[in-house]
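A.B. asks: Sequence:
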Amino acid sequence: MSDNFKWNLGNNLNINNNNNNNNNDDFFNTQPFNDNKFDFSILPDDNNEDEFRGIVNNNNNNNTIVKGDGGIFGNTQINFNNNNQFSNSLFGNTMVNNNNYNNNNNEEVYTINNNNNNQDFEMDNQQLQTNQIEMEDDENQFDNIFNDKSRTDDTIYHNTLEYELQPKPNDPHLIPIQLSDTFLKLSQAKINSINDDESNKLFYMQNNRKQKEQQLKNYQMEKDTWSILKRLFEYRDIQRGIDQKEKIDISQPNQVQVYNYLIKKDYKLRENLILLEWLEEMASQVELNDNDQVFWEHTFIKLKKSNAITMLTNNQMVSELDPDAMSRQNKPIDKDDEKNQARFLKTVWSFLRAGDRVGAAEYCTNVGQFWRAQTLIGLNYYEGEQNIGNPYFNLWKSNCLNISKNSNDQYERAIYGLLCGNLDATLPIQKNWYDYFWCYLRVLYDETLYRELKPYRSPLSIEEDIDSPPSTSISQINTPKDILEILKNTTSQIEIKNQSENPYHQIQELIIADDYLILFNSLPNLLLKNKTPEFNRFAVLLILFFRKREQYELTSTSEDCPENIVINEYVQHLINSQQYELVALYTSLLNNESLQVDVYSKFLVNIIDPNQRQQLLVLAEKFGLNTQEIAQSVVKAITSRSINTVSNSYENLEFTGFATTINKNKNTKNKPTSTTASSSANKSTVVPNVTDAIINQDSSITTQDDLVKINSIQWLCFEKQLLIKAILQSNLLLRDFISLNKYGAASELLKSLPKDIVMIAKQQSPLNESDTNNIIKEFRDWENYIAANIRINLWLQNYSNQPKISNYLPQSLNNNDNNININNNNNINNIINNSMINSSIAFRLRGNESYAERLDIERRKKEYDDVYGQWNQNNINYGKEAIVSIRSIIKTGWLCPLENQIGLFSEDDQSGLEVTLIRKKCIPSLFKSLYTILIGIDSIQKSSQLCNQIANERFRWYSVFSKKELQEILQLVRESSIRLLNQN
51 MSDNFKWNLG NNLNINNNNN NNNNDDFFNT QPFNDNKFDF SILPDDNNED EFRGIVNNNN
111 NNNTIVKGDG GIFGNTQINF NNNNQFSNSL FGNTMVNNNN YNNNNNEEVY TINNNNNNQD
171 FEMDNQQLQT NQIEMEDDEN QFDNIFNDKS RTDDTIYHNT LEYELQPKPN DPHLIPIQLS
231 DTFLKLSQAK INSINDDESN KLFYMQNNRK QKEQQLKNYQ MEKDTWSILK RLFEYRDIQR
291 GIDQKEKIDI SQPNQVQVYN YLIKKDYKLR ENLILLEWLE EMASQVELND NDQVFWEHTF
351 IKLKKSNAIT MLTNNQMVSE LDPDAMSRQN KPIDKDDEKN QARFLKTVWS FLRAGDRVGA
411 AEYCTNVGQF WRAQTLIGLN YYEGEQNIGN PYFNLWKSNC LNISKNSNDQ YERAIYGLLC
471 GNLDATLPIQ KNWYDYFWCY LRVLYDETLY RELKPYRSPL SIEEDIDSPP STSISQINTP
531 KDILEILKNT TSQIEIKNQS ENPYHQIQEL IIADDYLILF NSLPNLLLKN KTPEFNRFAV
591 LLILFFRKRE QYELTSTSED CPENIVINEY VQHLINSQQY ELVALYTSLL NNESLQVDVY
651 SKFLVNIIDP NQRQQLLVLA EKFGLNTQEI AQSVVKAITS RSINTVSNSY ENLEFTGFAT
711 TINKNKNTKN KPTSTTASSS ANKSTVVPNV TDAIINQDSS ITTQDDLVKI NSIQWLCFEK
771 QLLIKAILQS NLLLRDFISL NKYGAASELL KSLPKDIVMI AKQQSPLNES DTNNIIKEFR
831 DWENYIAANI RINLWLQNYS NQPKISNYLP QSLNNNDNNI NINNNNNINN IINNSMINSS
891 IAFRLRGNES YAERLDIERR KKEYDDVYGQ WNQNNINYGK EAIVSIRSII KTGWLCPLEN
951 QIGLFSEDDQ SGLEVTLIRK KCIPSLFKSL YTILIGIDSI QKSSQLCNQI ANERFRWYSV
1011 FSKKELQEIL QLVRESSIRL LNQN
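For the sequence shown, the positions run 51 to 1034 when this note's numbering is used.
FYI, nobody ran anything at the bench for these hints, they're computed from the structure. It should be emphasised that the depicted structure is a prediction, and the values quoted were computed from it without experimental measurement. Hints should not be assumed to be uniformly reliable.
[Stated by the list, open to error] Straight line, CA to CA, 27 angstroms or less: simulated DSS-like cross-link-like pairs of lysine-lysine:
(1) K930 / K854
(2) K581 / K504
(3) K805 / K770
(4) K314 / K504
Construct all of the structure, not just a fragment, from the sequences and the given hints.
C.D. replies: Right under this line is the structure:
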């Protein structure tokens, strides 16, 4: 029957719908065109199309009645109210209420009105409704959030996430749903901002237009993904459990009752419906053209003209105006009418793509195509005597199939192909991945409902069963996953296959499949396809969403697990873009504490400003990071950079003192050290010559790298409990500095620490008392050592500035032979013991001087004696201070723990072995410096007693001397003893 079926609008149907003569014939009575059959006097002039449209519409009042004779709905009267507002329903987002059933004269009345009763089921759980109300935010709250151009998108998302993660009294099940809802709205706000920003008018004219368009596309895809995520998991995590517990009475089932039961109990069907609503919402914007004309007025006007017969003879145009005329006669209508009809059918398709079948039917009535409106409402379910549904469902479907195969318009084929399930007719006009997915899913959903509801159809049904669906491909599809596999493997549509590889579509596919583990594992690879910060941030938020679900299970905490890779990648983006204040929150999302410490400490390594350092540590603590471990890790990372291996270099480094301190004296030409350069047995000099005081500048200068290491200790000074760690780390850094002769850097380090650090550290230390005391003792030992070296250098500076007699002698006495040996004699014994004698000899008068010359010589001698006296006093004072400092070191177990004052460490004690090497480097030099100072201040007797202190068993200093060094110190003491005997 479907092959020969023609829409029956009734015999002798008048164009203005004023006279509808009932006729029981099933087929339209086609006859050759007869111009006498129509009253052309009522037609408007050729140029007055508005008048024509008014006649056809018959003023299009609120209640337009179209009656048909027979047809697939029998004798039917359809009442369209043109001011309808249509709501969604579970019947494919269309709502047709068959609320009037009259069996008078075999007429059935179908009414579409503006107060449709939505048959969609409502969640009746009161608690859920309350929670949903609490979750709903003001729709405008995000509207202007991106208007502040001083804040980056990363900052806005960060602040929003921070707010969402704050503890709230909500049901835990709602937390992930609320997160998805928030970021859905945020994505939409960003889209609106890009579209509405006035500056974008110029932006789109610039070279980066494509980049901006791609950004807009990415945000749209992100919004779509958040939307399906929210819809699906709101059902999966909340509503599904409620529905399964609900009891539904279907003791006397009809199609509507069974449908509602299936929607609540069949989760697969319900999820398919959710997916359909998601896909249809994307296409909800339907553009209407006020000039849509589908009355074939151009064809009609030409037919009424005097040359119409000639046109018909030439077979250029249809001779009849019924809807089936073109297919029946295989002739076209007027080209202008064809364009209008094509535009009209495209709009009808847009309504169907948006899931609004009722809207499509209303649109048809508004433009006068009442018969087509009737064809769109065939999917109607039986509910009872007041709503019998469509008893001719299969007949309607078979005729839709016939149109989908035979129509000349691709959109008309697609419209009726969708209604009957003929994908071959529907797919050709689809544009993208969403459209293809929707077509397959729409047909799958409708066919599933057909099979499930078929046993519960109306008793009045006289339909003929269709054994198999019209489309061959739909029989192979059972789930959305099957559809997605088809889209990925389609060979006919390469573009759709390529779109399936889009990272957002791949994520959507895995969300639909409800497999977050595979989703997580795929994210790192998807980041390689879409390397934008926006996608990286979206991936991070996606991970957070699934973590907030109760079904989430932690599978790995390794650094290279997918979750940590994605999060760390975004953290690096924030660091590289210098958005430092955002780093702490996202670092806290890493699921491994040691990894959190490692990532955040590496980030802080390059932060120099003290205020910024403290702020970033405060943020780290705010978001739950281990700030103590982070601070220690930062210091360790900084101090370990560019540090030379010193374990093999201690024995080769000479004690050189404070080069930087000596260099500050701009008037000092000679730069002596604090020890003798050589004291071998065949030399009699004790204090080094100027040539012996050369310092290795490369190793002693404080570099920028040294200052960075020194400043790093400040990371440990922000918390009182970390102060003991600051002291410990300072001890280790001091060891490195001294091993490399960087005495200036060591001094700068001590100056940079808080003055009360030892007192507070001892009070707040989390370590045991023994460890705390040993750390503080070593620090005090270093303080004493640095102080001793400062005093040694002060004495050396004063000694190097000893006044020379030759600078004060007049020219007449400078040639005196008695002065030559004196001025060139650098032996400190001769200088110290004979200084006054040398002065007297140097300024001795020859007897032939004039009175003026004698006065000048006496003045010069007095001036020299005053300068020398002041120098000698400073020499003694500085020397005594240096001696006191040195003795404060050698009279303790320097750098040794309190329980091990002699410095005997086991071979596996790495720190102890390091201390031993430092002691071997520093202690012999200190004894040599002590000897030099004692001689310099004329304490020869005390210098001869140094061997006793070295041999003291309490501290066993001899153990840190090499054999050569012991021989040298013995030789020095021997010389002092001889000098002491000579004096006596």
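A.B. asks: Hints first: check each against the structure and report whether it holds.
C.D. replies: Results for each hint:
Our distance criterion of 27 angstroms between C-alpha atoms is met by K930 and K854, whose separation comes to about 23 angstroms. For the given pair, K581 sits about 50 angstroms from K504 by alpha-carbon distance, which is inconsistent with the 27 angstroms threshold. Between the alpha carbons of K805 and K770 the distance comes to roughly 13 angstroms, so the proposed pair stays at or under 27 angstroms and holds. The straight-line distance between the Cα atoms of K314 and K504 is roughly 19 angstroms, inside the 27 angstroms bound, and the hint therefore holds.
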